[in-house]
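A.B. asks: Sequence:
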Amino acid sequence: MNKVTTKTLFEKKQKGEKITMLTAYDYTFAKIFDSCMVDILLVGDSLGMVILGYDSTIPVTMDDMEHHVKAVARGAKYSMVVADMPFLSYHTTTEDAVKNAGRLIRAGAYAVKMEGCDDVYDKIEAVIKAQIPVMGHLGLTPQSVNIFGGYDLRAKEEAEAKKLVEDAKKLEKAGVFAIVLEKVPAHVAKQVQESVKVPVIGIGAGPYCDGQVLVCYDMLGMYEDFKPKFVKRYAEVGNITKDAVTRYIEEVKKGEFPGKEHSY
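Residue numbers for the sequence shown follow the working numbering, beginning at 11 and rising by one.
If you're looking for bench data, these hints aren't it; they were derived computationally from the structure. A virtual CB, placed ideally from N, CA and C, is assigned to each residue, including glycine. Check before you lean on any hint, since a few could be wrong.
[Said to hold, decoys possible] BS3-like mimics (lysine-lysine), calculated; alpha carbons at most 25 Å apart, straight line:
1) 23 - 13
2) 173 - 23
3) 17 - 183
4) 28 - 179
5) 22 - 183
6) 252 - 264
7) 25 - 200
8) 166 - 80
9) 237 - 252
10) 25 - 207
11) 25 - 166
12) 166 - 237
13) 80 - 41
14) 200 - 252
15) 180 - 23
16) 242 - 252
17) 13 - 172
18) 183 - 200
19) 264 - 239
20) 172 - 183
21) 28 - 183
22) 23 - 183
23) 173 - 207
24) 109 - 183
25) 28 - 139
26) 200 - 139
27) 139 - 166
28) 17 - 252
29) 166 - 242
[Claimed, not checked] With beta-carbon atoms standing in for the labels, derived distance ranges:
30) 77 - 234: 22 to 30 Å
31) 116 - 263: 44 to 52 Å
32) 69 - 251: 24 to 32 Å
33) 246 - 64: 20 to 28 Å
34) 254 - 24: 38 to 46 Å
35) 64 - 248: 29 to 37 Å
36) 77 - 141: 23 to 31 Å
37) 116 - 238: 29 to 37 Å
Construct the entire structure; sequences and hints are all you get.
C.D. replies: Pasting the structure below:
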């Protein structure tokens, strides 16, 4: 079983094989997803919300990301581990961008993901020049939520849609190996997918992308604070967990647990 590389993903696009990607934040989930042969495990700065309890990704630090990358990398034997570059870790200088990307690679990531295009183009180029693979991210970019004023659909208007396609081409020229496209109309995502040779991975971007990504806690039905339209809940693990904890509490209070079979 060969580990997924940038070459693997490029070949999948060429063959028309869909790419699978899920977020992972710890060793246990990473090991489970890896055993299912998920192509990419994204250590997302979404951990700010689903792990750390913030209301956005903005407060997530490099130390937070390093900590979780190390855990996920220990559980990934097949899957490619991609780490989000958190807010302000690559927006200041190219030197900061390269150093911080390097920290995530040393922590165990195969590649990093960087949001945006024009404002950070020189940083993306610098990181790639330092021999670190970069995944781009266009459309709704959560680190820019305060500029956008919310998590609304992007590229609804023709001008913005045209700019999105051009930005994707720019990122391809810079050397990114894939692009995440978040919360844009399906027909616009199709234009992007057809305009670049690198894989386009969608989240809330319709069925025409080369692959799909979801936050694992969303698709498992574990995160209740925010329920986007684009999420399909494949299980209700949150309810299963509540039921298990409730039964545990009842059995402890009644003296039913631990029983003889659980005692030495």
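A.B. asks: Hint by hint, note whether the structure agrees.
C.D. replies: Structure-based check of each hint:
1. In summary, the hint linking residue 23 to residue 13 is supported, as the alpha carbons are separated by about 17 Å, within the 25 Å threshold.
2. For the given pair, residue 173 sits about 23 Å from residue 23 by alpha-carbon distance, which is consistent with the 25 Å threshold.
3. With a CA separation close to 17 Å, the supplied pair residue 17 and residue 183 stays within the 25 Å bound.
4. Distance check on the hinted pair: residue 28 and residue 179 sit about 21 Å apart at the alpha-carbon level, within 25 Å; holds.
5. In summary, the hint linking residue 22 to residue 183 is supported, as the alpha carbons are separated by about 20 Å, within the 25 Å threshold.
6. Restraint check for residue 252 and residue 264: the C-alpha separation of about 18 Å stays at or below 25 Å, so the hint holds.
7. Distance hint between residue 25 and residue 200 is fulfilled; the C-alpha atoms sit about 17 Å from each other, no more than 25 Å.
8. Of the supplied pair hints, the one linking residue 166 and residue 80 is violated, its CA atoms being roughly 38 Å apart against a limit of 25 Å.
9. Taken as a hint, the residue 237 and residue 252 pair is honoured in the structure, with Cα atoms around 19 Å apart against an allowance of 25 Å.
10. This hinted pair checks out: residue 25 and residue 207 have alpha carbons roughly 12 Å apart, not beyond 25 Å.
11. Using a Cα cut-off of 25 Å, the hinted pair residue 25 and residue 166 is violated, with the two alpha carbons roughly 30 Å apart.
12. In summary, the hint linking residue 166 to residue 237 is supported, as the alpha carbons are separated by about 21 Å, within the 25 Å threshold.
13. A hinted pair counts as satisfied when its Cα atoms are at most 25 Å apart, and residue 80 with residue 41 qualifies at roughly 13 Å.
14. The suggested pairing of residue 200 with residue 252 is violated, with an alpha-carbon distance near 40 Å, which exceeds 25 Å.
15. Only pairs whose Cα atoms come within 25 Å are accepted, and residue 180 paired with residue 23 is accepted, the gap being roughly 19 Å.
16. At most 25 Å may separate the alpha-carbon atoms for a hinted pair to count; residue 242 and residue 252 meet this at roughly 20 Å.
17. Restraint check: the Cα-Cα separation between residue 13 and residue 172 comes to about 36 Å, which exceeds 25 Å; the hinted pair is violated.
18. Restraint check: the Cα-Cα separation between residue 183 and residue 200 comes to about 19 Å, which is no more than 25 Å; the hinted pair holds.
19. Of the supplied pair hints, the one linking residue 264 and residue 239 is violated, its CA atoms being roughly 42 Å apart against a limit of 25 Å.
20. Only pairs whose Cα atoms come within 25 Å are accepted, and residue 172 paired with residue 183 is accepted, the gap being roughly 17 Å.
21. Simply put, residue 28 and residue 183 have alpha-carbon atoms about 23 Å apart, close enough for the 25 Å limit, and the pair holds.
22. Distance check on the hinted pair: residue 23 and residue 183 sit about 17 Å apart at the alpha-carbon level, within 25 Å; holds.
23. Among the hinted pairs, residue 173 with residue 207 is consistent with the structure: their alpha-carbon atoms are about 18 Å apart, no more than 25 Å.
24. Proposed proximity of residue 109 and residue 183 is supported: the alpha carbons are some 22 Å apart, at most 25 Å.
25. With a C-alpha separation of about 28 Å, the suggested pairing of residue 28 with residue 139 is violated against the 25 Å cut-off.
26. The suggested pairing of residue 200 with residue 139 is violated, with an alpha-carbon distance near 29 Å, which exceeds 25 Å.
27. In summary, the hint linking residue 139 to residue 166 is not supported, as the alpha carbons are separated by about 34 Å, beyond the 25 Å threshold.
28. With a C-alpha separation of about 42 Å, the suggested pair residue 17 and residue 252 falls outside the 25 Å cut-off, and the hint is violated.
29. Distance check on the hinted pair: residue 166 and residue 242 sit about 23 Å apart at the alpha-carbon level, within 25 Å; holds.
30. Range check, residue 77 to residue 234: about 25 Å between beta-carbon atoms, so the 22 to 30 Å window is met.
31. For residue 116 and residue 263, the hinted distance range of 44 to 52 Å is satisfied, since their beta carbons lie about 48 Å from each other.
32. One distance hint, 24 to 32 Å for the beta-carbon pair residue 69 and residue 251, holds here, with the actual separation near 26 Å.
33. The hinted range of 20 to 28 Å is satisfied by residue 246 and residue 64, whose Cβ atoms lie roughly 24 Å apart.
34. Roughly 45 Å separates the CB atoms of residue 254 and residue 24, a value that falls within the hinted 38 to 46 Å.
35. Here the CB-CB span from residue 64 to residue 248 is close to 19 Å, at odds with the stated 29 to 37 Å.
36. At about 24 Å, the CB distance of residue 77 to residue 141 agrees with the hint of 23 to 31 Å.
37. A C-beta distance of roughly 33 Å is found between residue 116 and residue 238, which places it inside the suggested range of 29 to 37 Å.
Checked against the numbered hints above, the structure breaks hints 8, 11, 14, 17, 19, 25, 26, 27, 28 and 35 and satisfies the rest.
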